[in-house]
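All chains, please: the whole structure from these sequences, using the hints.
In the order they appear, the protein sequences are chains A and B.
Quick note: the working numbering has the first sequence finishing at residue 161, numbered continuously throughout.
Quick note: the working numbering has the second sequence finishing at residue 322, numbered continuously throughout.
It cannot be assumed that every hint is accurate.
Lysine to any residue pairs mimicking SDA-like chemistry, simulated, CA-CA at most 20 Å apart [said to hold, decoys possible]:
id	chain 1	residue 1	chain 2	residue 2
1	B	K202	A	S18
2	A	K32	B	T256
3	B	K202	A	T20
4	B	K299	A	S18
5	A	K140	B	A182
6	B	K299	A	Y97
7	A	K138	B	E177
8	A	K32	B	T181
9	B	K301	A	S18
10	A	K32	B	G257
11	B	K301	A	A21
12	A	K138	B	T181
13	B	K299	A	K140
Short, incomplete list of chain A residues facing chain B, as computed with Cβ under 7 Å [as the list claims (entries may be wrong)]:
id	residue
14	T20
15	L22
16	K23
17	V47
18	Q63
19	I83
20	Y97
Far from chain B, by Cβ distances over 10 Å, these chain A residues were calculated [unchecked claim]:
id	residue
21	Q25
22	P31
23	K41
24	G45
25	E126
26	G134
Quick caveat, the hints were computed from the structure, so don't treat them as lab data.
Think of the CB as a built atom: it goes at the ideal place given N, C-alpha and C, for glycine as much as any other residue.
Protein chains: 2
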Amino acid sequence: MAQEEVQNGGPEKVAEVSFTALKPQLMVEAPKAADAVQFYKSAFGAVEAGRTVYPKRKADQEQPHVLSAQLELAGSTILVSDIADNSTPVKTEGTGYVLCLETEDVEAAIAKAVSAGGVAEGEVTEGDGACCGGRVGKVKDPYGYVWLICSPAKKCGDAEA
Amino acid sequence: MAQEEVQNGGPEKVAEVSFTALKPQLMVEAPKAADAVQFYKSAFGAVEAGRTVYPKRKADQEQPHVLSAQLELAGSTILVSDIADNSTPVKTEGTGYVLCLETEDVEAAIAKAVSAGGVAEGEVTEGDGACCGGRVGKVKDPYGYVWLICSPAKKCGDAEA
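Here is the structure:
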């Protein structure tokens with residue numbers, strides 16, 4: 001694995017580090033971040049805690065560029081950001097990524113997300129441990145992100161094949 | 162937006178739904194999930210809270226298939242899962258996705274992640290509001306996921322361009 005130099009400490013020096021928050025950040029094509037925020041409010045009941053924007057830079061630009069909107073959802077924070085055409089998108093090359101949302105009422109949660117503009121994918125199934133939950137459904141949002149709607153996690157343990 | 166039928170309620174019926182947890186789930190090529198879990202422990206100090214596995218299905222298969230490993234990190238939970246070659250990967254078509262980790266010591270956090278096998282990308286810069294933080298660095302992990310290492314969030318507000 002290639003290693004680059006970092007300031008104030010090379011790879012050999014391993015410091016104690018503590019982290020105060022973990023926030024998934026979802027990029028959407030500018031200027032759709034404001035719409036995406038509205039979708040996450042309608043679909044999942046997210047609450048907006050703040051928004052950092054650039055002011056309008058063109059007279060004909062209807063929506064300001066959203067650097068970051070901060071949404072509170074299920075005790076966590078997610079960030080939603082506009083990505084401009086001329087900016088370098090963040091290259092995530094991971095195999096796959098979803099957001100698991102736990103709820104007591106999987107069907108109602110899916111229905112609400114669909115009514116807000118999401119698309120249900122497949123049937124609600126008994127989970128295979130993917131979320132450590134019992135029942136799992138899937139919703140793709142209008143911005144391309146996949147949400148697993150799961151019944152609350154059980155204690156993880158060895159599953160029988 | 163196409164809408165599919167869901168059981169127990171059509172799109173018109175919008176129920177009150179509450180969510181109890183949000184957990185980002187990272188898929189990695191099987192059988193690397195166990196390695197990825199080790200990386201997130203070494204790089205970020207994640208603590209494993211549980212793991213659901215299929216037992217070995219072949220005598221020559223050294224590592225069990227990880228359906229889901231649950232990691233506690235910065236007060237949140239992330240899930241790490243093996244994706245088998247023959248399974249349908251979750252198709253996330255979003256514009257870009259990163260995980261923001263907040264810490265008081267951005268440089269030390271990056272150094273630690275690099276020493277664990279991550280790759281620092283670019284310099285630590287004064288944030289443009291992406292995480293609502295002051296200073297931001299970037300680390301790509303060996304499984305393709307990008308982590309922003311940020312100083313703690315300030316109150317989000319309108320930024321001047």
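So, going through the hints one by one against the coordinates:
Distance restraint check for B/K202 and A/S18: the Cα-Cα separation of roughly 12 Å lies within the 20 Å cut-off, and the hinted pair is therefore satisfied. Pair hint A/K32 plus B/T256 holds up; C-alpha atoms about 11 Å apart against a cutoff of 20 Å. Restraint check: the Cα-Cα separation between B/K202 and A/T20 comes to about 16 Å, which is no more than 20 Å; the hinted pair holds. For the hint pairing B/K299 with A/S18, the CA-to-CA distance comes to about 17 Å; that is within 20 Å, so the pair holds.
For the suggested pair A/K140 and B/A182, the alpha carbons sit about 18 Å apart, so the restraint of at most 20 Å is met. Distance check on the hinted pair: B/K299 and A/Y97 sit about 18 Å apart at the alpha-carbon level, within 20 Å; holds. A distance of roughly 18 Å separates the Cα atoms of A/K138 and B/E177; the hinted pair therefore holds under the 20 Å criterion. As the CA atoms of A/K32 and B/T181 are separated by approximately 27 Å, the hinted pair breaks the 20 Å bound.
Restraint check: the Cα-Cα separation between B/K301 and A/S18 comes to about 19 Å, which is no more than 20 Å; the hinted pair holds. Between A/K32 and B/G257, the direct Cα distance comes to roughly 13 Å. Compliance with the 20 Å bound is thereby established for this hinted pair. This hinted pair checks out: B/K301 and A/A21 have alpha carbons roughly 18 Å apart, not beyond 20 Å. Proposed proximity of A/K138 and B/T181 is supported: the alpha carbons are some 17 Å apart, at most 20 Å.
Restraint check for B/K299 and A/K140: not satisfied, since their Cα atoms lie roughly 27 Å apart, outside the 20 Å limit. The interface hint given for A/T20 is met, as the beta carbon of that residue sits about 5 Å from the closest beta carbon of chain B, less than 7 Å. For A/L22, the interface hint holds, since its Cβ comes within 7 Å of a Cβ in chain B; the closest pair sits about 4 Å apart. At a threshold of 7 Å, the smallest CB-CB gap from A/K23 to chain B is about 4 Å, leaving the interface hint in force.
With 7 Å as the threshold, the beta carbon of A/V47 stays out of range of chain B, its nearest partner Cβ sitting at about 12 Å, so the hint is violated. At its closest, the beta carbon of A/Q63 sits 14 Å from a beta carbon of chain B; the interface hint therefore is violated under the 7 Å criterion. At a threshold of 7 Å, the smallest CB-CB gap from A/I83 to chain B is about 5 Å, leaving the interface hint in force. Annotation: A/Y97 was flagged as interfacial toward chain B, and the flag holds, the nearest CB pair being 5 Å apart, inside 7 Å.
At roughly 5 Å from the closest C-beta of chain B, the C-beta of A/Q25 falls inside 10 Å, breaking its exclusion from the interface. Chain B leaves A/P31 outside its interface by the beta-carbon criterion, the shortest separation being 12 Å against a cut-off of 10 Å. Once the 10 Å rule is applied to beta carbons, A/K41 is consistent with being away from chain B; the minimum gap is 13 Å. For A/G45, the condition that its CB be more than 10 Å from all CB atoms of chain B is violated, with the nearest at approximately 7 Å.
Separation of A/E126 from chain B is adequate, the least Cβ-Cβ distance of about 13 Å exceeding the 10 Å criterion. The Cβ of A/G134 lies farther than 10 Å from every Cβ of chain B, with a closest approach of about 12 Å, so its non-interface assignment holds.
In summary, the numbered hints that this structure violates are 8, 13, 17, 18, 21 and 24.
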